[in-house]
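Trainee: So you can see what is in the structure, the chains are spelled out below.
Protein chains: 4
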Amino acid sequence: MRQMLATLGIVGVVILIAVPGGVGAQVAKNMAAQSPWGPADEIGTLNMMTDTSRLAILKQIVSGKVYDLSVTLFSGMPSCCGALGDPPYHLWMTHTPRGTLAANPFKVSRQVNERVSYSGDAVSMYTHTGTHIDTLNHFGLYGKIWNQFSVDDHLGDKGWSKAGADQYPPIVARGVLIDVAKAKGMTPLPDSYSITVADLQAALQQQGTRLQPGDVVLIRTGLMTLWPDPAKYQLSNQAGLSLEAAQWLVEANQAMLLGADNFPVESFPSKDPENYVPLHTYLFAERGVSIIEVLWLEELAKDQVYDFVFIAAPLKLRGATGSPLRPLALATQR
Amino acid sequence: MRQMLATLGIVGVVILIAVPGGVGAQVAKNMAAQSPWGPADEIGTLNMMTDTSRLAILKQIVSGKVYDLSVTLFSGMPSCCGALGDPPYHLWMTHTPRGTLAANPFKVSRQVNERVSYSGDAVSMYTHTGTHIDTLNHFGLYGKIWNQFSVDDHLGDKGWSKAGADQYPPIVARGVLIDVAKAKGMTPLPDSYSITVADLQAALQQQGTRLQPGDVVLIRTGLMTLWPDPAKYQLSNQAGLSLEAAQWLVEANQAMLLGADNFPVESFPSKDPENYVPLHTYLFAERGVSIIEVLWLEELAKDQVYDFVFIAAPLKLRGATGSPLRPLALATQR
Amino acid sequence: MRQMLATLGIVGVVILIAVPGGVGAQVAKNMAAQSPWGPADEIGTLNMMTDTSRLAILKQIVSGKVYDLSVTLFSGMPSCCGALGDPPYHLWMTHTPRGTLAANPFKVSRQVNERVSYSGDAVSMYTHTGTHIDTLNHFGLYGKIWNQFSVDDHLGDKGWSKAGADQYPPIVARGVLIDVAKAKGMTPLPDSYSITVADLQAALQQQGTRLQPGDVVLIRTGLMTLWPDPAKYQLSNQAGLSLEAAQWLVEANQAMLLGADNFPVESFPSKDPENYVPLHTYLFAERGVSIIEVLWLEELAKDQVYDFVFIAAPLKLRGATGSPLRPLALATQR
Amino acid sequence: MRQMLATLGIVGVVILIAVPGGVGAQVAKNMAAQSPWGPADEIGTLNMMTDTSRLAILKQIVSGKVYDLSVTLFSGMPSCCGALGDPPYHLWMTHTPRGTLAANPFKVSRQVNERVSYSGDAVSMYTHTGTHIDTLNHFGLYGKIWNQFSVDDHLGDKGWSKAGADQYPPIVARGVLIDVAKAKGMTPLPDSYSITVADLQAALQQQGTRLQPGDVVLIRTGLMTLWPDPAKYQLSNQAGLSLEAAQWLVEANQAMLLGADNFPVESFPSKDPENYVPLHTYLFAERGVSIIEVLWLEELAKDQVYDFVFIAAPLKLRGATGSPLRPLALATQR
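Here the protein sequences come in this chain order: A, B, C and D. Just so we're aligned: 121 in numbering that gives the first Met the number 0 is position 122 of the first sequence, and the numbers increase by one with no gaps anywhere. Just so we're aligned: 60 in numbering that gives the first Met the number 0 is position 61 of the second sequence, and the numbers increase by one with no gaps anywhere. Just so we're aligned: 157 in numbering that gives the first Met the number 0 is position 158 of the third sequence, and the numbers increase by one with no gaps anywhere. Just so we're aligned: 191 in numbering that gives the first Met the number 0 is position 192 of the fourth sequence, and the numbers increase by one with no gaps anywhere.
What the hints contain is simulated information worked out from the structure, not anything from laboratory work. What you are looking at is a predicted structure, and each value in this text was computed from that prediction instead of being measured. Glycine included, each C-beta is placed from N, C-alpha and C at the ideal position.
With a cut-off of at most 20 Å between alpha-carbon atoms, the simulated EDC-like pairs for lysine to aspartate or glutamate come out as follows: (1) 231/D <-> 190/D; (2) 181/D <-> 298/D; (3) 301/C <-> 50/D; (4) 183/A <-> 198/A; (5) 183/A <-> 297/A; (6) 64/A <-> 50/B; (7) 143/C <-> 113/D; (8) 106/C <-> 273/D; (9) 183/B <-> 297/B; (10) 231/A <-> 190/A; (11) 64/D <-> 298/D; (12) 231/D <-> 297/D; (13) 106/C <-> 271/D; (14) 58/C <-> 50/D; (15) 143/B <-> 151/C; (16) 181/A <-> 198/A; (17) 106/B <-> 228/C; (18) 183/A <-> 298/A; (19) 301/B <-> 50/A; (20) 106/B <-> 271/A; (21) 106/B <-> 273/A; (22) 106/D <-> 273/C; (23) 181/C <-> 297/C; (24) 143/D <-> 151/A; (25) 181/A <-> 297/A; (26) 181/C <-> 298/C; (27) 181/A <-> 298/A; (28) 143/D <-> 113/C; (29) 183/D <-> 297/D; (30) 106/C <-> 152/A; (31) 183/B <-> 198/B; (32) 64/D <-> 50/C; (33) 270/C <-> 198/C; (34) 58/B <-> 50/A.
From the structure, some residues in chain D lie toward chain B, with a derived Cβ separation under 10 Å: (35) 81; (36) 84; (37) 94; (38) 97; (39) 103; (40) 104.
Hey, can you work out the whole structure from these sequences and the hints?
Mentor: In structure tokens, the structure reads:
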């Protein structure tokens with residue numbers, strides 16, 4: 000593994016032993032790490048992508064069928080965080096043909112207003128709405144985020160000057176689906192279930208999928224079968240990854256990016272009384288790994304497409320802690 | 000041309016003669032067309048894409064370098080429509096580590112609030128902010144949009160039930176850049192300049208680029224050299240396509256989608272006293288052609304990449320008349 | 000009564016017989032009335048106020064104790080209409096001392112940023128949030144509001160050009176509290192209870208209060224004892240006025256303005272299968288009577304202050320269908 | 000003056016000498032004061048109001064004519080702070096009769112949707128929009144506001160837990176207009192003009208008005224004659240009070256509350272290189288005096304009403320740094 004780390008430019012800032020439940024995690028917990036990609040780094044493991052890595056995976060595309068891994072955004076949709084005071088998704092019309100006729104905002108003739116039927120709209124939302132990416136500034140530890148950028152120096156009233164969604168490159172990489180729900184024969188996984196390393200290993204074996212460094216690893220809990228009922232698909236008790244499983248993916252297997260079809264990727268509520276989002280803080284602040292949440296993986300799962308090109312590009316919202324996202328997948332050779 | 004139309008399933012709903020400045024356009028103006036793709040069609044020419052067309056162009060990728068064709072969204076950025084009463088881009092923090100410590104919204108111990116440094120934010124914006132796609136419901140004629148869906152039947156207070164951004168498929172197609180600014184040796188093009196058919200033809204010839212049916216055609220006016228100064232990059236007087244040039248692209252050359260690096264794709268202000276956006280209504284309501292605005296084409300232009308895979312996926316904002324977009328380009332064989 | 004109407008300048012546009020449950024109301028239902036105050040009138044019965052009426056009631060003030068009849072607005076507060084897609088109350092910081100230090104938006108020295116500790120905030124809300132007034136354009140009948148202003152001619156995308164909150168005068172008038180909850184010995188009144196004319200008469204008698212033309216009549220259902228629990232204080236099943244009771248107040252007694260401590264003033268759900276807000280449409284479109292909702296009447300009730308000066312001034316939100324309000328009361332001679 | 004201070008319960012926390020241009024201000028500058036009204040005080044000088052003071056002034060009302068001291072709020076109105084990234088006033092429709100017919104959000108029959116014509120709207124704005132009050136938490140010094148409440152302890156992501164608009168009592172007090180523009184014969188006062196103590200004294204003498212402790216003192220610069228042109232009525236260069244004039248009003252004359260018809264009450268830009276709002280920080284943090292901005296004083300001035308009851312009640316926006324306001328005035332005996 001040391002060699003693999005070296006290849007990736009990681010020189011062992013923190014020594015972690017990926018034994019599920021082991022002490023490795025304890026060592027790291029509670030401090031934001033310095034980036035092995037240098038003091039200016041804001042994107043963590045996304046540095047693993049290169050022109051070469053992108054071309055290699057694009058060359059393996061075997062079909063022009065595009066899988067859409069996102070959900071529709073609409074008023075009344077499930078929201079992680081309405082109860083925490085975050086604004087719900089809201090869309091409203093700012094221009095309508097009828098309103099334009101009645102109020103004539105452009106001071107043109109009635110004839111023109113009758114001809115030109117103008118509709119326009121605006122949206123407001125928590126940036127973590129629908130399918131979205133969490134950027135590394137979303138959670139830190141003790142006032143510092145990934146690469147030790149501090150709240151005091153970098154968090155303004157219009158977002159972070161570091162690690163914002165605007166700094167994120169387009170993501171074009173090998174993607175892998177791990178259909179844990181299918182492997183365990185439980186769709187969705189039970190409330191608050193914590194996916195173990197063994198669960199991941201069993202699913203991968205069953206699928207015949209092998210992980211590679213730099214993968215975008217997407218976990219299917221089956222919770223999207225409850226979507227979009229806000230009473231059923233809700234943050235408080237969703238199944239998701241255990242901390243150990245996340246560690247196994249990013250440390251033992253060098254996953255570049257994790258995603259899931261639930262709200263928090265990790266299982267909720269947290270098992271750690273000292274941290275209500277232990278996987279978030281671990282991935283972001285300690286490992287520089289971003290995550291994608293609320294993914295629509297049902298078509299991939301149905302077609303048993305486990306290997307694919309993953310393509311996604313966050314909106315460049317300056318300083319934001321996340322961005323709505325519409326990731327795509329195209330099947331590749333296995 | 001009749002054959003080409005037949006190939007595309009278009010059976011001559013409206014007869015148009017693509018003579019620049021000719022009378023052809025007069026015939027068509029002023030009515031929303033029925034779609035040749037059937038009464039349920041909401042996406043117009045995007046129906047030209049198939050698994051086959053996508054795979055064909057993806058197979059021609061020659062480099063893993065990804066071009067990002069979008070601008071950053073930030074408070075104070077240029078806006079097409081603030082003067083028309085549309086809300087500017089706004090991002091605000093809904094959770095900060097400091098605020099969480101002071102107000103303890105989750106009712107946890109101070110120790111936990113010190114450990115877990117939570118940042119979250121929300122955004123509001125006109126959907127036509129930054130780089131974005133205009134969907135076909137954005138402008139209609141006489142109360143009807145593309146495929147004759149009517150305002151009365153389909154425009155609710157939370158958007159259109161037809162032709163919304165949520166109905167748009169991911170776009171994976173051949174892209175072509177026409178660098179008009181470079182060909183004409185004027186960067187940017189002069190205020191309100193209307194790009195002619197001859198301008199396009201000259202630029203294409205100079206570049207050695209050939210258009211193909213189904214292309215995403217991106218026009219460079221050079222106006223992005225004024226970005227992001229709101230005093231210089233503004234809607235009122237931007238250079239853009241003439242109606243005739245747009246007709247030549249979508250009728251004579253079967254372009255699937257048009258885009259440009261200015262606000263309105265077309266030149267502003269309108270030359271038609273009866274219509275303040277003649278190219279918009281023509282493209283959307285009469286031809287079913289969507290457009291992409293405020294594109295960042297500077298890197299493509301600098302590298303002289305004129306042929307590429309164009310990849311973009313609007314956020315699925317239910318019923319919306321547009322969506323912010325982050326399109327990507329990867330160079331292909333010429 | 001004819002004389003009383005004449006005094007008030009009402010000349011019998013619609014003949015209504017104020018027999019509770021009688022046929023009078025049937026005649027009027029279903030059409031927006033013309034205003035007896037002329038074709039330009041936008042405020043209905045608020046025209047009853049004059050300098051003379053205001054001075055008369057102000058002269059009767061007997062105490063400098065001010066009763067605050069409004070609730071606090073806060074994130075998470077009960078909302079009539081979240082389930083209908085209206086945005087909840089939301090307040091966010093746009094400037095903080097910490098953020099100003101980190102981002103230095105004004106380009107001043109660190110010294111200045113340390114000295115000047117700037118906090119600023121923004122709000123968004125449905126206009127019918129917390130204690131608020133409904134203006135006459137809030138509900139109409141068959142596309143027309145009070146005084147037959149039509150949706151087609153007067154409803155633009157930034158509100159109505161008629162009867163908006165900006166047209167409303169400050170309200171200074173005699174106020175009367177009718178404590179129905181107390182009179183009936185049920186606090187709060189049972190779910191969906193419809194207050195009858197007899198209920199009002201009994202409470203008035205018990206209180207020793209007499210109604211006068213031009214009164215602001217406030218009804219206490221006792222529902223504020225459930226405030227601010229959103230699970231208990233909710234629109235769907237609240238007690239309120241019956242249509243007959245409202246008719247008795249505004250026709251037989253010439254009340255100028257009605258208010259209550261519940262969400263809809265009327266009882267919910269509606270008993271009329273053809274109209275989900277029969278009291279709203281009756282009061283606004285047929286009688287020109289505005290209403291005030293979500294009033295805090297607990298202190299008045301506790302102190303048994305049944306006669307008072309009522310003072311309130313809607314924010315002049317142009318074209319709005321309502322406005323948050325902070326009404327005041329000062330006890331007067333009885 | 001010492002006696003006057005003692006009467007008001009002020010016991011000399013900071014020694015200030017009210018000599019215009021003198022050194023007094025230097026002593027006080029740069030620290031937030033403790034309140035003489037005790038450690039729980041959040042409203043400063045508004046504590047000067049009592050039932051007795053209110054009744055006394057209400058008893059002096061001589062006319063029922065109500066002066067409305069507020070401006071209308073509308074899209075496109077002048078804004079202090081758009082350039083600082085604060086959201087402009089925005090109102091949008093969330094329910095319209097046409098939209099309800101098209102989308103049927105309540106799942107009722109078409110018949111019902113035709114009958115019940117529902118209009119609803121929402122607003123968003125910086126809390127300091129139009130006529131508004133600034134609360135004491137709006138500006139502090141060195142991380143502390145009035146009464147030494149600190150940013151660290153009391154500023155959450157949904158506002159301050161201290162000195163918010165929700166804590167403000169209704170204001171009913173003697174009001175005085177000082178028409179400086181008229182007295183100086185310059186309407187409006189010149190750009191950036193700083194009103195002096197002598198200016199105030201001259202105007203008061205000319206009007207025959209005498210200040211009393213506890214007054215709400217409103218200053219007319221005449222800038223409202225430029226309203227509502229955003230190009231002319233703008234923050235950057237408005238005339239207003241000098242720091243010395245403000246000191247004279249609140250220290251020598253015990254004014255309870257200051258207001259003006261400009262954006263910042265004080266003159267802009269600041270003359271103090273170390274503080275861009277020296278009057279704000281002085282009044283709020285050192286003296287506990289709130290201010291009201293963007294007042295409409297034209298009718299009062301025209302009618303030469305210099306003595307009046309001032310009545311205003313901020314919306315109880317929890318934790319907010321200000322609130323839109325619609326103050327009223329009724330003439331009193333002189």
